[in-house]
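**Q** Sequence:
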Amino acid sequence: MEQLVNPPQQADRIAYTEVLRVPTMSVGTYHLPAGATDPQSPHTEDEVYVILRGQGILRAESGDALAVPGAALFVPAGEHHSFVEIVEPLLMYVVFSPGEGTNATADL
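Under our numbering, the first residue of the sequence shown carries the number -16, and numbering increases by one thereafter.
Treat the hints as calculated values from the structure; they're not laboratory data.
This one's a predicted model, so the numbers in the text were calculated from it and none came from an experiment.
Don't take every hint at face value.
With beta-carbon atoms standing in for the labels, derived distance ranges [what the hints assert, rightly or not]:
#1 52 with 2: 17 to 23 Å
#2 7 with 68: 18 to 24 Å
#3 6 with 67: 30 to 36 Å
Each residue gets a CB set at the ideal place from its N, CA and C atoms; glycine is no exception.
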């Protein structure tokens, strides 16, 4: 488990790495450097972010939430969202349910 918490990352780039996939969910690590512009677009699956390190804000249609270690942040399928004001590099687990891309044909 420890190797998932501290995956090798280049501190100056955005990186997503899937680490687990089963039919009902997928899990990945997501790294955003300080000052980065998060390039996300809405996903067709529900999503939970579990913040491991760093500090920023998750900006979503439903409102803003602090992205700090220990926070678990939910974004429903189809909702526009992105991390902003990243003042310390963010490292998080991302959990999609069902697995990322499973509902790719769903209308957003």
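**Q** State, for the Cβ atoms of residue 7 and residue 68, whether the hinted interval 18 to 24 Å holds or is violated.
**A** violated (33 Å)
**Q** Range first: 30 to 36 Å. Now tell me if the beta carbons of residue 6 and residue 67 are that far apart.
**A** Hint holds: Cβ distance 33 Å, inside 30 to 36 Å.
**Q** Is the gap between the beta carbons of residue 52 and residue 2 within 17 to 23 Å?
**A** holds (19 Å)
Checked against the numbered hints given earlier, the structure breaks only hint 2 and satisfies all the rest.
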